[in-house]
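Everything in the sequence shown is counted per full-length UniProt numbering, starting at 1 for the first residue and increasing by one.
Just so you know, the hints here were simulated from the structure itself, not pulled from any lab data. Treat the numbers as computed from the prediction; the structure is a model and nothing was measured. Backbone N, C-alpha and C fix where the C-beta goes; we use that ideal spot for every residue, glycine too. Honestly, I wouldn't trust all of these hints.
Taking CB as the label site, the calculated pair distances span [stated by the list, open to error]: (1) L229 - R112: 41 to 47 Å; (2) K142 - E245: 56 to 62 Å; (3) A221 - Q252: 42 to 48 Å; (4) E209 - A24: 19 to 25 Å.
Calculated lysine-lysine pairs in the DSS-like style (CA-CA distance at most 27 Å, straight line) [to be verified]: (5) K208 - K230; (6) K77 - K110; (7) K77 - K100.
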Amino acid sequence: MMAVGSGRHTPPAPRFDHTATVHANRYLQIFGGCTHSVFFNDLHVLDLETLEWSQPHIQGDVVSPRAGHAGVSIDEKWFIVGGGDNRNGSSETLVMDMPKLVFSILTNVKGRDPLASEGLSVSSALIDGEPFLVAFGGYNGKYSNEVVVMRPKPKDSKHSKIYQSPAAAAAAASVTAAYALTKSESLDFTTINSKPKMDLSVAINVIKEEKKALELIIEEAKAENAELLKKLEELNGVHVDLSKELQSVQGQLASERSRCDDLEAQILDLQKKLSSMQSIEQEVQTLRLQKSAIEKDMETGQTQGSRGVWRWIAG
Numbered sequence: 001m002m003a004v005g006s007g008r009h010t011p012p013a014p015r016f017d018h019t020a021t022v023h024a025n026r027y028l029q030i031f032g033g034c035t036h037s038v039f040f041n042d043l044h045v046l047d048l049e050t051l052e053w054s055q056p057h058i059q060g061d062v063v064s065p066r067a068g069h070a071g072v073s074i075d076e077k078w079f080i081v082g083g084g085d086n087r088n089g090s091s092e093t094l095v096m097d098m099p100k101l102v103f104s105i106l107t108n109v110k111g112r113d114p115l116a117s118e119g120l121s122v123s124s125a126l127i128d129g130e131p132f133l134v135a136f137g138g139y140n141g142k143y144s145n146e147v148v149v150m151r152p153k154p155k156d157s158k159h160s161k162i163y164q165s166p167a168a169a170a171a172a173a174s175v176t177a178a179y180a181l182t183k184s185e186s187l188d189f190t191t192i193n194s195k196p197k198m199d200l201s202v203a204i205n206v207i208k209e210e211k212k213a214l215e216l217i218i219e220e221a222k223a224e225n226a227e228l229l230k231k232l233e234e235l236n237g238v239h240v241d242l243s244k245e246l247q248s249v250q251g252q253l254a255s256e257r258s259r260c261d262d263l264e265a266q267i268l269d270l271q272k273k274l275s276s277m278q279s280i281e282q283e284v285q286t287l288r289l290q291k292s293a294i295e296k297d298m299e300t301g302q303t304q305g306s307r308g309v310w311r312w313i314a315g
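Make a model of the complete structure from these sequences and hints.
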């Protein structure tokens, strides 16, 4: 590794959301990061054998301060994507030649592009012997579930281009394949070979099958909803009939209550009359007793009178 020993030998300022990689199984490289108020674009190297820090002089393109970016190394190239400064996402995709300590801007994307996100991840994969970068997720004003696939390949070119093609996505995610043509030692995203196209067609067929399955589920749900609506209408009809019957019963109950009130009034009237009849009956009974007493007195008087006459005749 070149020029590691140059620069100061003090450790980097405290920070978080930086990215790191190890070169030649000896040099730990730290790039970017931030505190709560300061964002960095510096590079620091820790020699894992001597445990000495250094801040080497880097060359190439000037890169913007950033945090929340992601990095992955392929051979002696360190690819860095995304990040931001809490105001804007970092639109540059970078590569650093680790032996030469040279930064290059591979390509620029729009501010709301999934690659210009904080908190995204990036990894590498070999497909048919060719390296690919795969980035996922991040936040740039909204949370992203985009998958971005990039194929780095050195090629001389004076202009940058990005080719995007859709890839298979399940219901919760969409995949965008990005391909870029840049200058020397940058990303060259040339035409995809036949196998990725075949993979894309297979993915499209899978999506079509999933679409058919979802349409079938939707039709079944619609049929079930129609059946439920029919049952709901029947229940509404039953409810209307029961409401009418309840109103009828309530009307009959009100009529019966009125009749009960009338009967209670009649009973009270009869009770009053009955009480007066009882007093009359008592008077009649008293008169009967008086009559009986008078009749007894009269019989007694007649008996005594007849005895006196016979005494006079006999005398």
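Query raised in the report: So does E209 sit 19 to 25 Å from A24, Cβ to Cβ?
Result: 48 Å, violated
Query raised in the report: Keeping to a limit of 27 Å between CA atoms, is the pair of K77 and K100 held or broken?
Result: 10 Å, holds
**Report entry** Cβ distance range 41 to 47 Å for L229 and R112, holds or violated
**Finding:** Given range 41 to 47 Å: holds, Cβ gap about 43 Å.
Query raised in the report: Taking 56 to 62 Å as the hint, is the beta-carbon distance of K142 and E245 inside that range?
Result: Since the Cβ atoms of K142 and E245 sit about 57 Å apart, the hinted range of 56 to 62 Å holds.
Query raised in the report: Is K77 close enough to K110, meaning Cα to Cα at most 27 Å?
Result: It holds: about 24 Å lies between the C-alpha atoms, which stays within 27 Å.
Query raised in the report: Are K208 and K230 close enough, with their CA atoms no more than 27 Å apart?
Result: 33 Å, violated
Query raised in the report: Is the hinted range of 42 to 48 Å satisfied by the C-beta distance from A221 to Q252?
Result: With Cβ atoms ~46 Å apart, the hint holds.
When each numbered hint is compared with the structure, violations occur for hints 4, 5.
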